[in-house]
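Visitor: Spelled out from the first residue to the last, the chains are:
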Amino acid sequence: MKKLLKRRPVDIFLDLLTVLLLTVSLFPLYYMIVQSVVDWKFVDKTVIPSHFSLASYDYLFHTTNANDAMMWLRALGNSLLVCVPVTLVALSVGLLAGYAMTKLKNFNRKQIIFNMLLFEMFFPVIMRLVPKYVILKGMANSYAGMIVPTMISTWAIFMYINFFKTLPDEIIGTRPCYPEGPTKLEKLKDCAFTSGIVFRPDGRVDLYSGLCDCEEGRITIDNPFPAHGGVA
Amino acid sequence: MLPYLTIWQPYLDKEKIVGKYFLCVVSLSLVGGLIIALLVNRLPMKIWGVGSVLFFIPCLTSGVAVSVMTKYLFSYNSILNVFLREKLDININWFIDGKSAFAVIIIMIVWKLSGYYALYLTAAIQGISKDIQEAATLDGSTGAHRFFHITLPMILPTIATILTLATGTSFGVYTEPFLLTEGGPANMTTTWTLEIYYRAFTRFESGYGTAMAILFALQIFITVKILNAVMDKLHQRYGC
Numbered sequence: 001m002k003k004l005l006k007r008r009p010v011d012i013f014l015d016l017l018t019v020l021l022l023t024v025s026l027f028p029l030y031y032m033i034v035q036s037v038v039d040w041k042f043v044d045k046t047v048i049p050s051h052f053s054l055a056s057y058d059y060l061f062h063t064t065n066a067n068d069a070m071m072w073l074r075a076l077g078n079s080l081l082v083c084v085p086v087t088l089v090a091l092s093v094g095l096l097a098g099y100a101m102t103k104l105k106n107f108n109r110k111q112i113i114f115n116m117l118l119f120e121m122f123f124p125v126i127m128r129l130v131p132k133y134v135i136l137k138g139m140a141n142s143y144a145g146m147i148v149p150t151m152i153s154t155w156a157i158f159m160y161i162n163f164f165k166t167l168p169d170e171i172i173g174t175r176p177c178y179p180e181g182p183t184k185l186e187k188l189k190d191c192a193f194t195s196g197i198v199f200r201p202d203g204r205v206d207l208y209s210g211l212c213d214c215e216e217g218r219i220t221i222d223n224p225f226p227a228h229g230g231v232a
Numbered sequence: 001m002l003p004y005l006t007i008w009q010p011y012l013d014k015e016k017i018v019g020k021y022f023l024c025v026v027s028l029s030l031v032g033g034l035i036i037a038l039l040v041n042r043l044p045m046k047i048w049g050v051g052s053v054l055f056f057i058p059c060l061t062s063g064v065a066v067s068v069m070t071k072y073l074f075s076y077n078s079i080l081n082v083f084l085r086e087k088l089d090i091n092i093n094w095f096i097d098g099k100s101a102f103a104v105i106i107i108m109i110v111w112k113l114s115g116y117y118a119l120y121l122t123a124a125i126q127g128i129s130k131d132i133q134e135a136a137t138l139d140g141s142t143g144a145h146r147f148f149h150i151t152l153p154m155i156l157p158t159i160a161t162i163l164t165l166a167t168g169t170s171f172g173v174y175t176e177p178f179l180l181t182e183g184g185p186a187n188m189t190t191t192w193t194l195e196i197y198y199r200a201f202t203r204f205e206s207g208y209g210t211a212m213a214i215l216f217a218l219q220i221f222i223t224v225k226i227l228n229a230v231m232d233k234l235h236q237r238y239g240c
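These protein sequences, in sequence, are chains C and P. Heads up: the first sequence begins at 1 in this note's numbering, then just goes up one per residue. Heads up: the second sequence begins at 1 in this note's numbering, then just goes up one per residue.
Some hints here could point you the wrong way.
[Unchecked claim] Simulated restraints on C-beta separations: (1) C:ILE112 - P:ILE226: 15 to 25 Å; (2) C:TYR133 - P:HIS145: 48 to 58 Å; (3) P:ASP131 - C:VAL130: 34 to 44 Å.
Just so you know, these hints were derived from the structure itself, not from any lab. For glycine and all other residues, C-beta sits at the position ideal for the given N, C-alpha and C.
Throw the hints in and build the complete structure from the sequences for me.
Guide: Below you can see the structure in the form of structure tokens.
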């Protein structure tokens, strides 16, 4: 409470702004939920309901109309069936393509391919419908027809490219640059780099020096910082 | 060549509307996203994640559902209009007046996109190394100064990505005008995609539609390239 009282007016203003924006962005959700729990007479006529009714949900679960009965369950299942393979393939293709487009050194004409991807991404979807249908006519009326054409996502590739661009390119050394031996010393499991100084109880210090985490050496020397208090 | 030539007649009128969409959607959603990202960023650690997800919810809702809801909300006998008419004596026919129809569509799109872009921006702001923030604080940089000299230059690459995405989205606006206004009144809210759809699928002028689609994609492509070049220049000058 004390902390709350100590806040500056600016902070209070920003808090209020956050709450306001949150209300604006969540209002339609609230509206939707309210409309689903009021009586059908009041749908779209009330914002703050006085009477609640589960008629809409009751209809969803208990309708006797043979065409509507639990149809939403089938629709949900279909969505899942399309969503899972499409997501998996789009993610892996996007990952590989994004890496290749940004990090591979001997991959020529990258820019042309990137421009083509960009062009494809912005080409209106509706104009592609007819040519796409003509090409994929064999898959009509099957699940494959819903899954295969949407598997490769240019958008995913684009996002991965932009992500990989923000990762630094510099690599200090790869395995062949280091001396023979295990890639990672067993005792350095939790280390990424091995150098440092360890103060010993006898007043001397162990000075560690290493090559990344695959080689390590140690010398024991007198405390190089006697003026600074010795053992910390 | 005929399909390409006949485009030029109504081209400039359409281009004006599309340009308006582009400017409004890109600038407003970017600024909105930035404001949300900064607000979310100053939330305490515990509710930070929840905050950014709550702002992301508008983007998860389907455009069709939101459009239908908005149509109800702004229809003549909706709660909003009844309230405005009876309590404040304001009578607006939202979808008859071109300006208000355009504004409603823009607000809907910006509402939807802001939270989405805020997610990228929040991640980018979180990614700024704490060392830099601390060093800036020690040197006495606060508030607006820190935002313009530390935060903004550091998130320039993310802003470039968002600009590209927002450009594509703003030129390709389709669902909202299709469901709310069908491009009207008097073509004031029409977009390229809508026009292409009407030409190709209701008037069956496929050649015209395809020609327009190619020019449309080319236009977005050029706009994106120009924006990227500007962002690259900015990045070289101010970025790190």
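Visitor: If a hint holds in the structure, say so; if it does not, say that too.
Guide: Going through the hints against the structure:
{"no.": "1", "hint": "C:ILE112 - P:ILE226: 15 to 25 Å", "in the structure": "18 Å, holds"}
{"no.": "2", "hint": "C:TYR133 - P:HIS145: 48 to 58 Å", "in the structure": "56 Å, holds"}
{"no.": "3", "hint": "P:ASP131 - C:VAL130: 34 to 44 Å", "in the structure": "55 Å, violated"}
Figure legend: structure checked against the earlier numbered hints; the only hint not met is number 3.
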